[in-house]
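Protein chains in written order, with my numbering: chain U, 1 to 292; chain C, 293 to 590.
Misleading hints may appear alongside valid ones.
[As the list claims (entries may be wrong)] Derived DSS-like pairs (lysine-lysine); straight-line CA-CA distance at most 25 Å:
(1) Lys234(U) with Lys2(U)
(2) Lys348(C) with Lys119(U)
(3) Lys284(U) with Lys244(U)
(4) Lys378(C) with Lys111(U)
Quick caveat, the hints were computed from the structure, so don't treat them as lab data.
Predicted model only: the values in this text are computed from it and were never measured.
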Amino acid sequence: MKEIVVVSGKGGTGKTSITAALAVLAGNSAIVSDCDVDAANMHLLLQPDFASKTEFYSGVLAEINQDTCIQCGICANTCRFNAIPLVNNQYKIDPLACEGCGYCQKVCPQKAITLHERKSGQVFISTTKVGSTMVHAKLDIGAENSGKLVAKVKSNSQQLAKEQNKEFIIVDGSPGIGCPVVSSLSGANYVVLVTEPTVSGLHDLERIYSVVKRFRLKAGCIINKHDINPEKTKEIIQFLNAEKITHLANIPYETQFVDAMTNAKTIVEVESQAKNIIKETWEKIKHDISKN
Amino acid sequence: MTSNSKLKIAIASGKGGTGKTLLSTNLASFLSEKEQTLLVDLDVEEPNDSLFIKAKETGTIEQFKMIPRWDENKCTLCGECTKNCKFHAVVQMGTFIAVFKELCHSCYACSELCPANALPMEPHKMGITTEYKNGNLTFIESRLEIGEEQAVPLIHKTHNLVEATHSDTPFQLFDCPPGTSCPVVAATQNAHFVILVTEPTPFGLHDLKLAVETMRKTEKKFGVVINKSGLGNHEVERYCAEEQIDILAKIPFDRKIAELYSQGKLVYREVNAMAEALTQVVNFIQNTLTVEKSIASL
Numbered sequence: 001m002k003e004i005v006v007v008s009g010k011g012g013t014g015k016t017s018i019t020a021a022l023a024v025l026a027g028n029s030a031i032v033s034d035c036d037v038d039a040a041n042m043h044l045l046l047q048p049d050f051a052s053k054t055e056f057y058s059g060v061l062a063e064i065n066q067d068t069c070i071q072c073g074i075c076a077n078t079c080r081f082n083a084i085p086l087v088n089n090q091y092k093i094d095p096l097a098c099e100g101c102g103y104c105q106k107v108c109p110q111k112a113i114t115l116h117e118r119k120s121g122q123v124f125i126s127t128t129k130v131g132s133t134m135v136h137a138k139l140d141i142g143a144e145n146s147g148k149l150v151a152k153v154k155s156n157s158q159q160l161a162k163e164q165n166k167e168f169i170i171v172d173g174s175p176g177i178g179c180p181v182v183s184s185l186s187g188a189n190y191v192v193l194v195t196e197p198t199v200s201g202l203h204d205l206e207r208i209y210s211v212v213k214r215f216r217l218k219a220g221c222i223i224n225k226h227d228i229n230p231e232k233t234k235e236i237i238q239f240l241n242a243e244k245i246t247h248l249a250n251i252p253y254e255t256q257f258v259d260a261m262t263n264a265k266t267i268v269e270v271e272s273q274a275k276n277i278i279k280e281t282w283e284k285i286k287h288d289i290s291k292n
Numbered sequence: 293m294t295s296n297s298k299l300k301i302a303i304a305s306g307k308g309g310t311g312k313t314l315l316s317t318n319l320a321s322f323l324s325e326k327e328q329t330l331l332v333d334l335d336v337e338e339p340n341d342s343l344f345i346k347a348k349e350t351g352t353i354e355q356f357k358m359i360p361r362w363d364e365n366k367c368t369l370c371g372e373c374t375k376n377c378k379f380h381a382v383v384q385m386g387t388f389i390a391v392f393k394e395l396c397h398s399c400y401a402c403s404e405l406c407p408a409n410a411l412p413m414e415p416h417k418m419g420i421t422t423e424y425k426n427g428n429l430t431f432i433e434s435r436l437e438i439g440e441e442q443a444v445p446l447i448h449k450t451h452n453l454v455e456a457t458h459s460d461t462p463f464q465l466f467d468c469p470p471g472t473s474c475p476v477v478a479a480t481q482n483a484h485f486v487i488l489v490t491e492p493t494p495f496g497l498h499d500l501k502l503a504v505e506t507m508r509k510t511e512k513k514f515g516v517v518i519n520k521s522g523l524g525n526h527e528v529e530r531y532c533a534e535e536q537i538d539i540l541a542k543i544p545f546d547r548k549i550a551e552l553y554s555q556g557k558l559v560y561r562e563v564n565a566m567a568e569a570l571t572q573v574v575n576f577i578q579n580t581l582t583v584e585k586s587i588a589s590l
């Protein structure tokens, strides 16, 4: 079983559209895993059935019992997150600021503070429109620990891939360079970098690749909207060569991506230039992985 | 608006790549043609504003978060610290206490509750904040170190720095990280008004709804700017009408904008429609907040 993780650093490069297209091409040979839990979008293209749903709990939230609280303020002074404001002469926990460290509970002389498990999202296991199994999630608003939810989506995907004896796991990775994307990359066999030839595209590609490098992962790169700035595309290709990253494909700037999305379809399900390019790319990725 | 007429605007979006940076950098530059303006890049994982803002570096500071260091000479291996850490950042391995700095939230519980004072808190570098200046425009960027996993502490540090050094600047813009989780809540917390940038596509709409939920939960005033207007469909506009959300401006879908942006250029100087959109945004926010202020003073 090989795990392919698609990342981009920068948003809006076409990462999810391309991942969903690869998932359609892979069909039932892959488990699909949406690790962009903060703003998950892949379900809009793959139409999973949300067949199974489990609540995801992570960390704790403090609560003050107002009946026993004597307003001494020790908890508020102890809290490093300013999560215990005094509201109408009562100390109250601000759930968006509380990080669940439990320090307040330890110092309360009245034992008026309790810690409760905190629901931070939901994990779904679905069947997609092409018949493959998909693991996806929704993070609650303002919730913390999206890295842990990503880890949960990943471990479910890996378990299902083993059980169903699948060849691939195709992962839509999280954005950025922090905790969620690090969780997305753990266990990967191959990384697909999606970028665009803009000053920010190249900048973010370099940053995300320095994270990928720490994991010593083999990587290939797709340059989307390559014709929007040929100079920048050249610069990206130079970077890829210098870093020995496979240049998988150049995809032209075309509105078919949005037209397809508007009809809940991936780019390989409509007539477009990108259709054949992505088909070839999928073959290249499979070839690249088998070389390991 | 606050009593002393400073305006703090956060620019956010659920989905990445909708034009948050495009709007932030163009709006900051546009405003600075007339007024002292501050732009703060809080998208600390992938800060991009500096690629578009041409300004001179005027200062840089390293940002630290506090993490415990194990002092094995003082430690009695009582195990209190590992019980007190809810993040599994302090773990006992035999006769050794390991501190996992990337898991640490700097809550100080392990350190201050240690009976032997064996876990003093020490600074650990998590990022760099750099300040630039060009005429009326001050630009501050915070950049998370590669390998650091938590954006929120750096966002808070940056807010504190801005409060301490630039609280008098009349226009303050904050370019936020994408998403709906804790980093964006942290980044928008001081704003008087939040602009949600979206695009008229199913992905844009889906993530806009999440962003709106976030704004309502944190009780922020907000409005929407539709970028790449003309692309996709009209579902975003329909949604905003149903939910009575103001659309401040629409930036047209135009390959020319994409090309200028790809080169790191400011768009409003060359594309009229962009300048018009910026004017609409500024007028809208000023009118809204002025009306509220006069109602409040009645």
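*Assess, step by step, whether the Cα of lysine 348(C) is no farther than 25 Å from the Cα of lysine 119(U), and give holds or violated.*
Violated. Lysine 348(C) to lysine 119(U) sits at ~46 Å, over the 25 Å cutoff.
*Below or equal to 25 Å on CA atoms is what counts here, so check lysine 378(C) against lysine 111(U).*
Holds, at roughly 18 Å.
*Taking 25 Å as the top limit, are the C-alpha atoms of lysine 284(U) and lysine 244(U) close enough?*
15 Å, holds
*Taking only the CA atoms, is the gap from lysine 234(U) to lysine 2(U) under or equal to 25 Å?*
Violated: lysine 234(U) and lysine 2(U) sit about 31 Å apart, past 25 Å.
Of the numbered hints given earlier, the model fails hints 1 and 2; all others are met.
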